[in-house]
Amino acid sequence: MELMDKLTILADAAKYDAACTSSGLDRTSRPGGLGSTIMAGCCHSFSADGRCVTLLKVLMTNRCVYDCQYCVNRRSNDVPRAAFTPRELCELTIGFYRRNYIEGLFLSSAVWGSPDRTTELMTETLRLLRREYNFWGYIHAKAIPGADPLLTHRLGLFADRLSVNIELPSEQSLKLLAPDKGKQSILAPMGQIRDGIRTSRQELALYKHAPRFAPAGQSTQMIVGATPESDLHILRLTESLYQKYQLKRVFYSAYMPVSDSKLLPARRDFKPPLLREHRLYQADWLLRYYKFEARELLDEQNPNFNPLVDPKCSWALNHLERFPVEVNTADYETLLRVPGIGVRSAQRILSARRCGALDFSGLRKLGVVLKRAQYFLTCSGRMVEGLRVREDGIIRHLVAQERPMLAQEAPEQLCLFENTG
Amino acid sequence: MPWSQVAYSYDGTFNGFLTCVYESYVNKERPACFSAPGDVQLSLYPERAVETDAAHARRVLVSLPKKLSADGLHLVTHGFLTCLPEKEKHLYDFIALGYEQGPSVVRSLTDDRVAVLVKAATHLKGEVHLLRGFIRFSEQEGVLIAEIEPKNRVLPILRSHFCARYSGERFLIYDRTHKEALFYQPSPKQWAIVPLEEFHPAAPGQEERDYRALWRRFYDTIAIEGRYNPKCRMTHMPKRYWHLMTEFNGDVPADVGPDGPARSQKELST
Chain A
1 MELMDKLTIL ADAAKYDAAC TSSGLDRTSR PGGLGSTIMA GCCHSFSADG
51 RCVTLLKVLM TNRCVYDCQY CVNRRSNDVP RAAFTPRELC ELTIGFYRRN
101 YIEGLFLSSA VWGSPDRTTE LMTETLRLLR REYNFWGYIH AKAIPGADPL
151 LTHRLGLFAD RLSVNIELPS EQSLKLLAPD KGKQSILAPM GQIRDGIRTS
201 RQELALYKHA PRFAPAGQST QMIVGATPES DLHILRLTES LYQKYQLKRV
251 FYSAYMPVSD SKLLPARRDF KPPLLREHRL YQADWLLRYY KFEARELLDE
301 QNPNFNPLVD PKCSWALNHL ERFPVEVNTA DYETLLRVPG IGVRSAQRIL
351 SARRCGALDF SGLRKLGVVL KRAQYFLTCS GRMVEGLRVR EDGIIRHLVA
401 QERPMLAQEA PEQLCLFENT G
Chain B
1 MPWSQVAYSY DGTFNGFLTC VYESYVNKER PACFSAPGDV QLSLYPERAV
51 ETDAAHARRV LVSLPKKLSA DGLHLVTHGF LTCLPEKEKH LYDFIALGYE
101 QGPSVVRSLT DDRVAVLVKA ATHLKGEVHL LRGFIRFSEQ EGVLIAEIEP
151 KNRVLPILRS HFCARYSGER FLIYDRTHKE ALFYQPSPKQ WAIVPLEEFH
201 PAAPGQEERD YRALWRRFYD TIAIEGRYNP KCRMTHMPKR YWHLMTEFNG
251 DVPADVGPDG PARSQKELST
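So the protein lines, in turn, are chains A and B. Letter 335 of the first sequence, counting from 1, is numbered 335 in the UniProt record's numbering, and no numbers are missing. Letter 27 of the second sequence, counting from 1, is numbered 27 in the UniProt record's numbering, and no numbers are missing.
Same shape as in the complex, but just chain A (with noise of 0.2 Å):
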């Protein structure tokens, strides 16, 4: 089979993974290497759907024993097959990197045979790029879930960044749809990798040269919108996620119609929930860089995100007498909890007034956006000039803000109009 024809079948599987980052490393090449990572992470290009390409996203087969229902490469499935050999792989890697289309390899797989023999032949792959091809850029590689535990750890001595993909966000969901993966077969490697960080991070600490297990850390994703899990669900299960298995990353990936088994929601008409899995990543941003808590944002009265508003804004509309916040003496927590003031705005401020007294025009000149912080801030005790709004009003302000950025989607929810109007 032709190079081309593999890469556009294996691509092609991969792309529902919707992890494409090349973050949480810094590294220099060693002599005579190719290849460096940055801390930030550094996107190469974004596809027509607007996601960003960062790595060479690829399986290394789409052959697969397993029959997951909303997978696209089930076995039940009648797709074309392809299988790339270590060394493909390893000179397709290279003459990307090369030519700077990509920041490295993300390699994931189908199961092939077995969960081992599938984890060996990647390893074979990464260890060739690394110590054959002395390639120092980033690698993103998946566990399979029932692989050997060693095996699984000889895959992250090779790799920056693993993960393991919790798939559907519930144990019934699991049982349902991927019969073949437990909720244990997809935790236990999860919590080996997240083991296995913690004592590479202390062989470290002690010995200069002590081989490094996924420096970059670890990931996961789950599907949205594939079973009735409520938003709450999934920010309780993604909050202690980030806690028990200190993950770097949780993606979400809105449920793509694949199939056409009753298990799942009807192919036809189906819209992929998109503005849902968009409210979920800002309140993942959330928990991770704004210091907020899962219970503050969701209850079980209101157990899924508010269409019309961001879920900051949500969450300000609900607590009115904690505002408005003084810009001159809040302090940094409660600055970052201001809707439309973000890290870099928070920052800004808190450098800034050391000088001096801030006023409105002075935020502006900062950078900072009062479009939705207007209401939530005072100057010196002032708001802004000839700002009069209602509890109401402020709801319907910042629900005409957001539409025009939500040109995807029309909401859904225009009633709210009326129960406050």
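Errors might be hidden in some of the hints.
[Stated by the list, open to error] Covered by chain A, according to a simulated footprint, are these stretches of chain B (three or more residues, beta-carbon under 8 Å):
#1 25–37
#2 132–140
#3 158–170
#4 207–214
#5 228–239
[Claimed, not checked] Computed list of lysine-lysine pairs in DSBU-like fashion (alpha-carbon distance at most 30 Å, straight line):
#6 A:K371 x B:K125
#7 B:K179 x A:K371
#8 B:K119 x A:K291
#9 A:K248 x B:K231
#10 B:K239 x A:K371
#11 B:K151 x A:K371
[Stated by the list, open to error] Pair by pair, the computed Cβ-Cβ distance ranges are:
#12 B:D71 x A:G182: 49 to 55 Å
#13 B:D71 x A:L204: 27 to 33 Å
#14 A:G182 x B:P188: 55 to 61 Å
#15 A:L350 x B:R30: 33 to 39 Å
#16 A:T334 x B:D71: 38 to 44 Å
#17 A:L150 x B:H123: 46 to 52 Å
#18 A:T334 x B:D220: 44 to 50 Å
#19 B:G205 x A:E171: 53 to 59 Å
#20 A:E203 x B:Y228: 43 to 49 Å
These are computed hints drawn from the structure, not numbers from a lab. From the three backbone atoms N, C-alpha and C, an ideal C-beta is built for every residue, glycine too.
For chain A, the structure is supplied; the task is to place chain B on it using the hints.
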């Protein structure tokens, strides 16, 4: 006595600019504008040509971290690479303010003299970050060759990134806007940024064309049709970068016009 106002003309280098700063303080002159070779600008102020003097420039350079802090120095060196109109005047004002105010000048973000520089430097940093990813190399007889058309002078900042990344390769990045090129060779390890009036890469060989085709195929395959979102793509990857990127060019000459990418993409899909 108020300082007299003059217009400085200098050679356009960073050292030249620092010499201007030196001259201004020694002669008690306030420069109202600066002109470098190539600038067509007439001034009403008496013009004075400033000869670059490495020792004088050095004295100013050494004073910057002491008076303005390390961040202040950083802002000056980066500010000089930006495409900010009349950047020398803005930099001069910032340095003068810094000499008066001290290190806290970098935090006075609400002062217009500081804000304008910070904004320009942020723009430069953003462009550098995007170009780290969007630069595309072609291989020609073992040398990697790339062309860019940035708004700011990004080569001095991009240099360390690519020299570390391709430490074992020979490569060249040509900046079409500022007509200069970065050369690098591994043994003996050497780099240089030199002015280069024109640069025309040769036609790509077979292997190069194969890799380009593979990359285009990968790029087209990786997008999910059900999530098509051209607006989002354009936000992250502004169109002005497209015409030098492999994924938007069929193997046509690299100098397609601004509406070239859209056309070649259509050809690909039909």
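Outcome of the hint check:
no.: 1; hint: 25–37; verdict: violated (count 0)
no.: 2; hint: 132–140; verdict: holds (count 8)
no.: 3; hint: 158–170; verdict: holds (count 7)
no.: 4; hint: 207–214; verdict: holds (count 3)
no.: 5; hint: 228–239; verdict: holds (count 9)
no.: 6; hint: A:K371 x B:K125; verdict: holds, 25 Å
no.: 7; hint: B:K179 x A:K371; verdict: violated, 41 Å
no.: 8; hint: B:K119 x A:K291; verdict: holds, 28 Å
no.: 9; hint: A:K248 x B:K231; verdict: holds, 28 Å
no.: 10; hint: B:K239 x A:K371; verdict: holds, 27 Å
no.: 11; hint: B:K151 x A:K371; verdict: holds, 29 Å
no.: 12; hint: B:D71 x A:G182: 49 to 55 Å; verdict: holds, 54 Å
no.: 13; hint: B:D71 x A:L204: 27 to 33 Å; verdict: holds, 31 Å
no.: 14; hint: A:G182 x B:P188: 55 to 61 Å; verdict: holds, 58 Å
no.: 15; hint: A:L350 x B:R30: 33 to 39 Å; verdict: holds, 34 Å
no.: 16; hint: A:T334 x B:D71: 38 to 44 Å; verdict: violated, 26 Å
no.: 17; hint: A:L150 x B:H123: 46 to 52 Å; verdict: holds, 50 Å
no.: 18; hint: A:T334 x B:D220: 44 to 50 Å; verdict: holds, 47 Å
no.: 19; hint: B:G205 x A:E171: 53 to 59 Å; verdict: holds, 55 Å
no.: 20; hint: A:E203 x B:Y228: 43 to 49 Å; verdict: holds, 47 Å
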